[in-house]
Amino acid sequence: MMMEKFALRSRALLAGAAVSALLIGAAPAFAVTPADTLVEGFAIDDIISMDPGEAFELSTAEVTGNTYDLLVRLDLSDTSKVKPDLAESWTVSDDGLTYTFKLKPGLKFASGNPITAADVAYSFERAVKLDKSPAFIIDQFGISGDNVTEKAKAIDDTTFQFTVDKAYAPSFVLNCLSATVASVVDAKLVKEHVAAVTPSADYKWDNDFGNAWLKTGYAGSGAYKLREWRANEAVVMERNDNYHGEKAKLARVIYRNMKESSAQRLALEAGDIDVARNLEPNDLDAIAKNADLTTTSAPKGTVYYISLNQKNPNLAKPEVRQAFKYLVDYDALSSTILKGIGEIHQSFLPKGDLGAIDTNPFKLDVAKAKELLAKAGLADGFSVTMDVRTGQPTTGMAESIQQTLGQAGIKLEIIPGDGKQTLTKYRARNHDIYIGNWGQDYFDPNSNAQTFASNPDNSDAGKSHTLAWRNSWDIPDLTKETEAALLEKDAGKRADMYKDLQQKILDTSPFVIIHQQLEVAGLRKNLKGFALGPSFDSNFVGPVSKE
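Under this note's numbering, residues 1 to 547 are what the sequence shown spells out, in order.
There is no bait here: all hints are sound.
In silico SDA-like links for lysine to any residue, alpha-carbon gap of 20 Å or less:
{"id": "1", "residue 1": "Lys-375", "residue 2": "Asn-312"}
{"id": "2", "residue 1": "Lys-204", "residue 2": "Thr-149"}
{"id": "3", "residue 1": "Lys-525", "residue 2": "Ala-298"}
{"id": "4", "residue 1": "Lys-351", "residue 2": "Asp-78"}
{"id": "5", "residue 1": "Lys-525", "residue 2": "Thr-294"}
{"id": "6", "residue 1": "Lys-363", "residue 2": "Gly-396"}
{"id": "7", "residue 1": "Lys-368", "residue 2": "Lys-411"}
{"id": "8", "residue 1": "Lys-81", "residue 2": "Leu-487"}
{"id": "9", "residue 1": "Lys-259", "residue 2": "Gly-340"}
{"id": "10", "residue 1": "Lys-525", "residue 2": "Thr-296"}
{"id": "11", "residue 1": "Lys-191", "residue 2": "Gly-217"}
{"id": "12", "residue 1": "Lys-249", "residue 2": "Asn-526"}
{"id": "13", "residue 1": "Lys-259", "residue 2": "Leu-532"}
{"id": "14", "residue 1": "Lys-420", "residue 2": "Thr-394"}
{"id": "15", "residue 1": "Lys-504", "residue 2": "Asp-358"}
{"id": "16", "residue 1": "Lys-420", "residue 2": "Asp-46"}
{"id": "17", "residue 1": "Lys-247", "residue 2": "Pro-105"}
{"id": "18", "residue 1": "Lys-339", "residue 2": "Thr-295"}
{"id": "19", "residue 1": "Lys-363", "residue 2": "Ile-337"}
{"id": "20", "residue 1": "Lys-188", "residue 2": "Asn-242"}
{"id": "21", "residue 1": "Lys-489", "residue 2": "Phe-141"}
{"id": "22", "residue 1": "Lys-249", "residue 2": "Arg-227"}
{"id": "23", "residue 1": "Lys-204", "residue 2": "Val-194"}
{"id": "24", "residue 1": "Lys-132", "residue 2": "Trp-213"}
{"id": "25", "residue 1": "Lys-339", "residue 2": "Thr-294"}
{"id": "26", "residue 1": "Lys-351", "residue 2": "Gly-492"}
Label-pair restraints from in silico Cβ distances:
{"id": "27", "residue 1": "Gly-96", "residue 2": "Asn-360", "range": "31 to 41 Å"}
{"id": "28", "residue 1": "Gln-421", "residue 2": "Pro-361", "range": "32 to 42 Å"}
{"id": "29", "residue 1": "Glu-399", "residue 2": "Asp-157", "range": "55 to 65 Å"}
{"id": "30", "residue 1": "Thr-149", "residue 2": "Gly-396", "range": "44 to 54 Å"}
{"id": "31", "residue 1": "Ser-200", "residue 2": "Gly-529", "range": "42 to 52 Å"}
Don't read these hints as lab results, they were simulated from the structure. Quick caveat: nothing in here was measured; it's all calculated off a predicted structure. In this text, a Cβ means the ideal position worked out from N, Cα and C, and glycines have one as well.
Given only the sequences and the hints, what does the whole structure look like? Please build it.
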């Protein structure tokens with residue numbers, strides 16, 4: 001079986017026959033996972049690197065959130081705020097440009113090396129100079145490889161200073177610093193594993209900042225430490241006894257790569273795993289009827305939407321944009337395809353964000369849609385295409401929308417494709433209609449506002465490829481409002497600005513936002529303290545125990 005080689009290599013993990021049987025898939029008749037180990041069935045085939053300066057995938061975010069620390073972390077009791085992690089306090093200069101963090105005393109990495117402000121500075125430097133996918137979260141503050149050592153620096157062993165280019169809202173800056181790209185790495189350990197690089201026009205530095213090693217290595221200080229990652233097989237984490245906070249209750253956590261919902265359900269029912277993470281509605285229903293099992297869910301910062309390319313003259317008509325919002329059967333989707341895995345949410349800011357509104361003004365109303373189409377001079381309807389990534393829930397959603405559009409005379413042709421095909425076409429603005437999802441890059445309203453409500457240059461040569469740009473929606477006034485919200489320091493006023501932006505998107509945009517993702521999990525009832533967080537890097541397993 002797929003776990004057999006993994007088990008043979010990881011002899012140090014085999015604390016007894018029960019663990020051995022678990023990892024090789026030969027569970028004993030009583031089918032129970034070890035008392036000191038949490039085993040999760042999880043589709044982790046998206047992982048390409050464990051380096052927090054490079055990783056930008058959902059599964060990796062969860063591992064990083066449990067194995068690395070940050071200066072500040074999202075406050076799960078109030079997600080509009082952050083709370084201290086490695087930093088015990090921070091101040092912002094009067095001009096709003098300099099953030100000074102004081103570290104907690106006596107901190108250690110899992111290796112035993114002390115955590116200092118120099119480690120924080122090195123972590124920022126390597127993330128910016130590596131310039132991998134998540135680097136933009138730090139770069140957007142006017143940080144570059146040429147200035148990062150001056151903009152992100154250690155003042156002394158316990159004082160780190162971060163200087164930005166504009167007087168942004170402090171909540172925006174701090175939320176960005178709670179993203180996984182700002183994870184603090186053990187500089188001494190990483191530097192022992194750097195590889196030499198010959199500088200080039202594309203990469204001017206003479207070393208890889210330990211990137212090759214950290215793809216599978218570990219240099220963190222979180223509640224757990226990464227023991228091993230085997231691509232498409234498993235991730236194993238072990239308790240970090242040097243952790244500065246409350247120690248993890250279980251000795252280890254194993255994520256087994258399991259992609260199919262039905263396979264996860266069967267393994268959960270048999271006791272081969274403790275948690276099933278990728279369940280579809282039918283399997284959720286089955287688990288809910290099992291007395292030994294239970295389910296949990298949490299809204300995530302991901303919204304599903306359809307978008308109308310404004311290069312299409314029919315879709316560019318304001319009345320047509322609004323008509324589409326009345327041609328989605330939200331209630332039917334909620335009770336079938338999205339049951340248990342999504343909740344209807346028609347605004348671009350997910351619940352939990354500063355300023356998020358929870359109003360759903362649209363419902364299926366074919367008569368209203370026909371009135372709008374007639375006003376646009378399209379009483380007889382028209383033909384249009386939709387690019388759809390094969391798989392659920394997008395395929396089912398597209399088929400439902402195809403049927404309701406037809407009731408108003410709009411003939412929709414579904415063009416299926418894999419993720420690469422549909423995204424490539426979408427990013428080139430060559431689609432009519434696209435259905436997909438958008439997840440926050442960091443837990444701040446700007447992450448979504450900047451893409452749904454901003455388009456600095458609508459030309460094909462424009463460099464800011466927001467979702468508004470991808471759909472050729474030219475919005476200079478909304479772009480200015482989005483930029484202004486970044487500079488509003490008063491949290492209440494900033495929230496009001498985002499509420500106004502959301503209402504304008506509801507009223508005028510080419511986006512039909514349908515639902516917010518619910519992350520779900522099935523679990524055995526002997527688990528205590530298991531909870532899903534509001535973001536993929538806040539699914540913390542440290543508090544989990546077993547009865």
